[in-house]
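2 protein chains.
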Amino acid sequence: MQLLRTRDADFETKFAKIVRDRRESDAQVGRDVATILNEVRERGDSALVEYTKRFDQHNLTGEDDWSISKEACKAAYDRLDDALREALETAASRIRAYHEGQLPQDRDYTDEIGMRLGARWSAVEAAGLYVPGGRAAYPSSLLMNAIPAKVAGVERLVVTTPTPGGEANDLVLAAAHVAGVDEIYRVGGAQAVAALAFGTERIARVDVVVGPGNAWVAEAKRQLYGVVGIDMVAGPSEILVIADKNNKPEWIAADLLSQAEHDPTSQSILITDDRGFASQVMDQIDLEFLKLPTAKTAKASWDDHGLVVLVDSLDEAPALSDRLAAEHVEIATDDPEAIFAKLRHAGSVFLGRMTPEAVGDYIAGPNHVLPTGRRARFASGLSVLDFMKRTSFIGATDGALKAIGPAAVRLAEAEGLPAHALSISRRLS
Amino acid sequence: MQLLRTRDADFETKFAKIVRDRRESDAQVGRDVATILNEVRERGDSALVEYTKRFDQHNLTGEDDWSISKEACKAAYDRLDDALREALETAASRIRAYHEGQLPQDRDYTDEIGMRLGARWSAVEAAGLYVPGGRAAYPSSLLMNAIPAKVAGVERLVVTTPTPGGEANDLVLAAAHVAGVDEIYRVGGAQAVAALAFGTERIARVDVVVGPGNAWVAEAKRQLYGVVGIDMVAGPSEILVIADKNNKPEWIAADLLSQAEHDPTSQSILITDDRGFASQVMDQIDLEFLKLPTAKTAKASWDDHGLVVLVDSLDEAPALSDRLAAEHVEIATDDPEAIFAKLRHAGSVFLGRMTPEAVGDYIAGPNHVLPTGRRARFASGLSVLDFMKRTSFIGATDGALKAIGPAAVRLAEAEGLPAHALSISRRLS
Numbered sequence: 008m009q010l011l012r013t014r015d016a017d018f019e020t021k022f023a024k025i026v027r028d029r030r031e032s033d034a035q036v037g038r039d040v041a042t043i044l045n046e047v048r049e050r051g052d053s054a055l056v057e058y059t060k061r062f063d064q065h066n067l068t069g070e071d072d073w074s075i076s077k078e079a080c081k082a083a084y085d086r087l088d089d090a091l092r093e094a095l096e097t098a099a100s101r102i103r104a105y106h107e108g109q110l111p112q113d114r115d116y117t118d119e120i121g122m123r124l125g126a127r128w129s130a131v132e133a134a135g136l137y138v139p140g141g142r143a144a145y146p147s148s149l150l151m152n153a154i155p156a157k158v159a160g161v162e163r164l165v166v167t168t169p170t171p172g173g174e175a176n177d178l179v180l181a182a183a184h185v186a187g188v189d190e191i192y193r194v195g196g197a198q199a200v201a202a203l204a205f206g207t208e209r210i211a212r213v214d215v216v217v218g219p220g221n222a223w224v225a226e227a228k229r230q231l232y233g234v235v236g237i238d239m240v241a242g243p244s245e246i247l248v249i250a251d252k253n254n255k256p257e258w259i260a261a262d263l264l265s266q267a268e269h270d271p272t273s274q275s276i277l278i279t280d281d282r283g284f285a286s287q288v289m290d291q292i293d294l295e296f297l298k299l300p301t302a303k304t305a306k307a308s309w310d311d312h313g314l315v316v317l318v319d320s321l322d323e324a325p326a327l328s329d330r331l332a333a334e335h336v337e338i339a340t341d342d343p344e345a346i347f348a349k350l351r352h353a354g355s356v357f358l359g360r361m362t363p364e365a366v367g368d369y370i371a372g373p374n375h376v377l378p379t380g381r382r383a384r385f386a387s388g389l390s391v392l393d394f395m396k397r398t399s400f401i402g403a404t405d406g407a408l409k410a411i412g413p414a415a416v417r418l419a420e421a422e423g424l425p426a427h428a429l430s431i432s433r434r435l436s
Numbered sequence: 008m009q010l011l012r013t014r015d016a017d018f019e020t021k022f023a024k025i026v027r028d029r030r031e032s033d034a035q036v037g038r039d040v041a042t043i044l045n046e047v048r049e050r051g052d053s054a055l056v057e058y059t060k061r062f063d064q065h066n067l068t069g070e071d072d073w074s075i076s077k078e079a080c081k082a083a084y085d086r087l088d089d090a091l092r093e094a095l096e097t098a099a100s101r102i103r104a105y106h107e108g109q110l111p112q113d114r115d116y117t118d119e120i121g122m123r124l125g126a127r128w129s130a131v132e133a134a135g136l137y138v139p140g141g142r143a144a145y146p147s148s149l150l151m152n153a154i155p156a157k158v159a160g161v162e163r164l165v166v167t168t169p170t171p172g173g174e175a176n177d178l179v180l181a182a183a184h185v186a187g188v189d190e191i192y193r194v195g196g197a198q199a200v201a202a203l204a205f206g207t208e209r210i211a212r213v214d215v216v217v218g219p220g221n222a223w224v225a226e227a228k229r230q231l232y233g234v235v236g237i238d239m240v241a242g243p244s245e246i247l248v249i250a251d252k253n254n255k256p257e258w259i260a261a262d263l264l265s266q267a268e269h270d271p272t273s274q275s276i277l278i279t280d281d282r283g284f285a286s287q288v289m290d291q292i293d294l295e296f297l298k299l300p301t302a303k304t305a306k307a308s309w310d311d312h313g314l315v316v317l318v319d320s321l322d323e324a325p326a327l328s329d330r331l332a333a334e335h336v337e338i339a340t341d342d343p344e345a346i347f348a349k350l351r352h353a354g355s356v357f358l359g360r361m362t363p364e365a366v367g368d369y370i371a372g373p374n375h376v377l378p379t380g381r382r383a384r385f386a387s388g389l390s391v392l393d394f395m396k397r398t399s400f401i402g403a404t405d406g407a408l409k410a411i412g413p414a415a416v417r418l419a420e421a422e423g424l425p426a427h428a429l430s431i432s433r434r435l436s
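Quick mapping for you: the protein sequence lines, in order, are chains A and B. Numbered continuously in our numbering, the first sequence closes out at residue 436. Numbered continuously in our numbering, the second sequence closes out at residue 436.
Chain A on its own, in the form it takes in the complex:
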């Protein structure tokens, strides 16, 4: 954990280093993934069988070894205890409601010269959703990725997930039932992403691949960007809490730890204007490590990447926060709006003392798939738009073409493209 003070002489040097620090992908991972993608493209299902045996100790032989049926998902859903089933349904319906508000408007109008112009949105036909196996198999993540696809109007939503030794996660299957997933294949890693992008004998290709995963999955998506649409290049995630001294230290400590417990590479950052409050939070975090079941991961994250920035005034916070462009920004003050108004780069913002980031992870409604690694400078959270595309259209009348055609002919000729010019001028004569 580093403690920096903006008034210290070496602050800028140290802070700039943190902003620049970007954990890079491994070149060896890149080469391994390229091989896997190529094998799946060339050999289809037989490559999947081999990789799944090697990496997941699972034999893809009969239908049930390859896929998990809708009936199995329904059964998993029915097995849940009532409270958990209800929590899943509440989350799903709130996520659905928020994302329905993202559906874009088509445009269709005729301008002053009589030219009809517009744009029409439509969903992609099929989307693939990668769901990690093991510890990181989160039902909330399935809901956050699957529901926007369904709201967008995607007809075929395919999940791939590794089932090491054949074991699937009941809660994830239940979430798949709630979200309306259409197909589930027991395949993981880069080979699953390749199967979704290229298609195999058994798995028809999709148009967009989303979902979290390890370094191999992330690299596979990166390499296949353009063959399919992808959600985003995801890196280690982060939380940045802007807090004055009028917060309970144990609340803010829990907020910081909720990011740290995800992964040793996660980053938790506190910006505060009160040295005493900062100490209380740091002490509280040390206390939590004694009892938190996820202390090992959380402590590794906090020790290596934790950061406390002491400012003279919280007025300094927006500019510092923008440079870090964090995935999650909490503003725990009486007037969070004042700071929010000055923020520009953040994945999602949590306003006020009663809005812990975790409420957004599960149930508030907005998506929890958000840009990491300073990418909030240019990227947005997952939305229905990631599962849709826009077709522009133009319809000219004789009059409209007469009005602007000659200018287009002039530009085409100036660019040395005579057939372009001809295609217009022939219609004008």
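It should be emphasised that the hints constitute simulated quantities derived from the structure, not laboratory data. For glycine and all other residues, C-beta sits at the position ideal for the given N, C-alpha and C. Treat the hints with care, as some may be off.
[What the hints assert, rightly or not] Restraint-style ranges between C-beta atoms, simulated for each label pair:
1. A:Glu174 x B:Ala104: 56 to 62 Å
2. B:Val36 x A:Arg163: 31 to 37 Å
3. B:Gly173 x A:Asp405: 44 to 50 Å
4. A:Gln112 x B:Asp290: 41 to 47 Å
Following the hints, complete the assembly by docking chain B onto the known chain A.
The following block gives chain B in isolation, referenced to the frame of chain A:
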């Protein structure tokens, strides 16, 4: 050129091969680009000096060797003949008007449990636009890329362009003046994209890189995706014309050639239900080759990639067109709407006999940067959204947190994330 007939027995095999056919990037290009990116990241300006000397025979020494001033752009604009200057202004103002209609709406509402939810859009701070040198330096392309950035609200718009032997294209400089470009650097190739993404001593980094380029530029953008936002992976472009026999063959021939003259890898496709009309168009194209100044490129494209599909009825056209998911689709019939209503995958659609694709390239208003290589299945044309990002926000009251917090706690516990649960439960007690 291939002529296929849907009623022939081998149609499906041959058509499927064309749909599958995707010209791949070269592995050697990938390695060369990786080296260049690394050199620019490590050595900044000095790497740019070396590459620019080697590839463009241009010495980056004084200020004027490095950059082109706004005054120089203004001077180039003033030198244009009146008709061309007016054409450029007409194009710019129509493009601007269309893209202003794309500006997204923010959301901010309070739901039934008192939870404030919303999303706020903002522009990226800086965008980089690659402009090719030589033959492909199109002023229309500069307008189509730069204007959406400025409409989005980007403060700093940087152009990089190679100036082989120091020569810049006057028309491009004039377009830069019209579009309000802020900085222009005389650097090209993968090294220019690297400079935009990483920043060097002289060129401050940007957040998004757009613009067309050769294979090295395209590969550099692909490799830097995630470090910066990029517009799209662009491949060879294509036009698909759906036409009945009531068209003038010389109009449709010009339309097909307007795509073919761009590049030998371009693809022009005609779908028609009339064998005689198809022959007339093909004959006309052969005639054009005798006089068209760009015949060499156009003929190479048409010979290698040209396609005529004969259908029994134009009712077959939408499904075939969707499988090709072409960048440009012209519908040259009396009732283009009937076919358009059944289309789903296309970059841009041109409705009716009086709407040649070229009118969209220059002046209609919608963007001419469109998804190629079947990517219209999942991708859209360039828009102001490519230069903006969305920050979601959540504001809970005590009551709202009480209403849904317990469900979130349950999900967090089920996922094995106790600090997530604590961050909520502590606020509820």
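Evaluated hints:
1. A:Glu174 x B:Ala104: 56 to 62 Å: For Glu174 (chain A) and Ala104 (chain B) the Cβ distance comes to about 58 Å; the hint holds.
2. B:Val36 x A:Arg163: 31 to 37 Å: For Arg163 (chain A) against Val36 (chain B), whose Cβ atoms are near 34 Å apart, the range 31 to 37 Å holds.
3. B:Gly173 x A:Asp405: 44 to 50 Å: With a Cβ separation near 46 Å, Gly173 (chain B) and Asp405 (chain A) satisfy 44 to 50 Å, so the hint holds.
4. A:Gln112 x B:Asp290: 41 to 47 Å: holds (45 Å)
Comparing the model with each earlier hint shows no violations; every hint is respected.
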